[in-house]
Amino acid sequence: MGELLRLEHLTRNFGGFTAVSDLSFHVDEGEVLGLVGPNGAGKTTTFNLVTGFLKPTSGRVVFRGEDVTGLPPHQLARRGLVRTFQHTRVFAALSVEENVRVASHMRERGGPLRALFGAAPAEREALREHVAAVLQTVGLSGRRGDLAGGLAYGEQRVLEIALALAAAPRLLLLDEPFAGMNETESSRTMDLIHAIRAAGTTVLVIDHHMRTMARGCDRLVVVDYGVKLAEGEPEAVTNDERVIRAYMGASEELRAPQPVRGGPSGAGVVGGVSTPELQVGTADVLRFEGVSVSYGRVRALQDVDLRVGRGEIVALVGANGAGKTTALRAVSGLLALGSGRIELLGRPVAGLGPAARVRLGLAHCPEGREIFPRMSVRENLEMGVPVGPVDETVLEHVYELFPRLRERTWQSAGSLSGGEQQMLAIGRALMSSPQLLLLDEPTLGLAPLLAREVGEALLRLNDEGVSVLLVEQNAVLALAVAHRAYVLENGNIALSGPAAELREDDAIKRVYLGA
Amino acid sequence: METVVQLVLNALHATSLYALVALGLTLILGVLDIADFAQGALYMVGAYVAYYATSGLGLSFFLALPLAMAVGSLLAMTNYVAVYRPLRRFSGATTFIAALGLLLILQNLALLFFGADFRLVRAPFAGVRFGVLGATWTGYQVFIASSVAVLLLLTWLFLKLTPIGKRLRAVSQNRKGALVVGLDPFRVELVAFALAGALAGAAGTLASGVNAFDPSIAAIVVITAFAIVLFAGMGRVPGAILGALHVGLAETLTGGLVNTQYAELTAFVLMIVVLLFRPRGLFGAQEAKL
Amino acid sequence: MRWSLVWLVLGAAAAIAAPHVFDSLTARHLLVLIAINVILVSSLDLLIGGAGLLSLGHAGFMGVGAYASALLVKAGWAFPLGIVAALVAAAVAGLVVGVPALRLKGHYFSVVTFIVGIIITILMTNMVDLTRGPMGLTGIPFARLELFGWEHTFRTIIEKVGYYYLTLVFVALALLLRWRLGRSRFGRALAAIKGDENLAESVGIATYRTKVTAFVIAAAVAGVAGALYAHYAVFLSPDSFTFVDSFDLFVMNLLGGAGTVLGPVVGPTFLVVVSSLLRNLSPALSHVVYGVILIVVIVVLPSGIVGGVRNVAARLQGGAGRGRAGDAEAGSGSGQRAG
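Chains as they are written, first to last, in this note's numbering: chain C, 60 to 574; chain E, 1314 to 1603; chain Z, 1326 to 1664.
Worth flagging that the hints you see were computed from the coordinates, not collected in a lab. Predicted model, so just to flag it, every value in this text is computed and none were measured. Heads up, the beta-carbon is just placed ideally off N, CA and C, and yes, glycines get one too. Any given hint could turn out to be false.
To be verified - If you want the ones that stay clear, here's a sample from chain C, every Cβ over 12 angstroms from chain E, calculated:
| id | residue |
| --- | --- |
| 1 | Ala181 |
| 2 | Ala289 |
| 3 | Pro445 |
| 4 | Ser555 |
Said to hold, decoys possible - Taking lysine-lysine and the DSS-like style, the derived pairs with C-alpha atoms no more than 25 angstroms apart in a straight line are:
| id | chain 1 | residue 1 | chain 2 | residue 2 |
| --- | --- | --- | --- | --- |
| 5 | E | Lys1489 | E | Lys1473 |
| 6 | C | Lys114 | C | Lys287 |
| 7 | E | Lys1489 | Z | Lys1430 |
| 8 | Z | Lys1430 | C | Lys114 |
| 9 | C | Lys568 | C | Lys287 |
For reference, chain C alone in the conformation it holds in the complex:
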């Protein structure tokens, strides 16, 4: 069993940002290799580099002894290197059988001329057998005539694997095959991967479901910030200190949050400006009751209960894909609920759009910041007030919180560094004097020092009475600043309680690392 694929010092820059840095590893024939790492670690970029959808800035990709760096996807496919995609891609308008037939393109010959006379019966028979065999392997034979677009989510993902199989690869690259699946489904899919391996195809998998990956892969390669952290057997890798830190985060010394304030008046204060009163009789600014949300076929949240009390910082942590961002988008009104209810400041928000919720006192600082790149810092901040004039005192207060922004008032937002953009996004969210601030992955991609600055700003905000629902993959940081926390796993609340307690609980490690 020799070496099938080798990455040599693969590097890819996007402008000033290095997504993948000097990455080298190999895949042996016949193994199932897992490529893991926290969100934004560069895994998908690596895939794109290997499969011809991106050209590397430097480095080589060697497949079966041949330098294939930079070859376009279809030529790689012809050499036996095939991939699936992160967001399910099948030919929705074709039937399951047609999908597989199309994907068997390389097993046939001929172009339009042949079309006129038709393929030889022997060839047609061989094709039919091939298609049937593939469908059999993945278990979709019963659905052969159905439209691919009408399949259930799990079936579509399986069909996707079937398409890759039909191309008869030597090496199959699977991009997040377990996304949106629960334990049972992931397990079944992993079995399918083993069956594929048994049939002679080597497999390289990217995914976040650590438990499944650790159990099913022969070896793991861990990357973070585009750099290889560890490589080896799952047992060893998941116990590696650096890996644990990469997944669960770390935090420089931060002070603990102030104990929660809650006076009888019920009004909060931001920067010297009073915010409207809460509904009488409610201490909670946010309440989830039995909330379920689906993205199309993916069950992102299942029957979730949570609450954020006035003046609290509540952290929502969990591995990537657990449903954290979905929860925030549901609060914001960007997603509809499948079932359950959400109450904002004591008021049920069903049917209210994002603008109305902002007027109620909500602000959302989204994952990826979503600033307006060609507008100045000041203009971005102004946009935080969707209707009506901008309150200069509030603006002044934001500048006090984030002095860096004041220095760069007229600079275009796109030219700011990542950390500054994050501060800008938070500042923008504060412009509407919210009572509840939703923060989605504020420290993503930030150097530890900047992450700490953000953490400190958060604490200061909270001192002033703003309640915060903080979503973070960096569990350690989140638990350091929060009063209470919930841990999400595959759309369910797995753990909850005071942050101080959860910090010590080993259960969290299990959720993140499956160890």
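Since the structure of chain C is already known, use the hints to place chains E and Z on it.
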């Protein structure tokens, strides 16, 4: 054969008119990602408003201009509310086709009501002449250039300084971000159409004094303008204006120096050549395949 | 499959009987035009319905073929050779346009094809020495066939039925070609490209090469249709091949139903009939009605008439909750995709 300077001067008016239309298209593309082909009809309507206002109603040309802009605005907003907005949940191809359909309808309605005769509006300042660097410029050409400059300036100020203008820019730069902060897209989209309609109407009115027109200019102008927009990279304002410059210059220079008939050809061929090397337009973002 | 067979037989019978049922000179003229348009739309459908490529300059290739055949037959070539020349000329044009244009995606591709259509019109208008430009090319010889001693000249000004049947032969060939291409490996590759180009690449389809091939084939067939038109009208002017005409083809394709074999038959028939009824009104009003029909159809029947009928039929036959892929007649789905 005229001097190059003269040609460049002549080019300016073609350029500036294309720039107005291209700007409107860019605004709509940026905010809604719709290729609003019907804008060509608004240009045409602007020309006809000028014609009927000056000859039929006896109004001064200077009144016809704001009138045409108002009509263009209203018509554009109607298009948005009646056609594009209801179709927004359909695919881009569907909206594209609907836009083509709208263009067809409006162009032919004009044909029905106004007839196919070529019209020309008597332009103000036509008799005045200026000598600049050895070339002559008519008073009306100066008027066009200054009107366009004023309009562009006003639009720029609107986008830069007014709250709704800033929101428009925000939505076109990052729709997701705009929604998250609670911006109401409907208002912004409506304003984008109103503005684009006004610009197209103005361009048509100004053109009516120089080029004889009939309803078919609707399609011709919008195709050229749209090609400019694509060439420059969709949704980017400076690109649209520079692109217009390119086309205006190419057309006029070729026409004057080589052969009038090949004028349009050069502009288009150049555009295609550029698109080949920069498949996302001159100013468009260069992205990875996925 | 069974329904399609029924329609096919009925359609063929109707097509053959038509000039005898509608025996006025005008009606027969319209029939010839319908037939030529069917060939054109069928070729365009290979791109639009088959590959999701919104090509908006197709009439240009028709024009290239028309002028090629007209000029060569005028110079003494035999009519059949003229047809071949038209095919080759249009194919070359398709190659010249397709190779650069297909490097672009989406809106960009569509606008470039639109521009190219305009460029071709400009060239036709300005190369006066060759094409006599806007004054028009007259004196195009009638089609003349010579087979084993039997000889016939199709004097289409007075006698249209014979030429109609000649055209029908080509219609049959074009439809057959479209059908077979759709069901072949090549057609599947196009369907894949239409569905998801990146995914198609990953399963080994050489997308660029496949698209260019399809483009050239479509252009070639359009060229043949152009030649047929040239020897029917025996007069050519660039006015017949403008972007408006390209747009009309586009409308006919969508109206009939992109991605089906029958769509290109239904579309032109419907539109030519409607427009002749509307002719009592005025060309402008008829175009207004076109525009309205287009918008209505796009919204109500996004898959065109044939697609819509099929959907209704499928729903009537049951199968609620699960979409059945149905017989992929043209080998591809019937929805449209942005360029």
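Now the hints, each set against the structure:
| no. | hint | in the structure |
| --- | --- | --- |
| 1 | Ala181 | holds (37 angstroms) |
| 2 | Ala289 | holds (27 angstroms) |
| 3 | Pro445 | violated (4 angstroms) |
| 4 | Ser555 | holds (26 angstroms) |
| 5 | Lys1489(E) <-> Lys1473(E) | holds (21 angstroms) |
| 6 | Lys114(C) <-> Lys287(C) | holds (19 angstroms) |
| 7 | Lys1489(E) <-> Lys1430(Z) | holds (24 angstroms) |
| 8 | Lys1430(Z) <-> Lys114(C) | holds (20 angstroms) |
| 9 | Lys568(C) <-> Lys287(C) | holds (21 angstroms) |
The structure fails hint 3 only (numbered hints given earlier).
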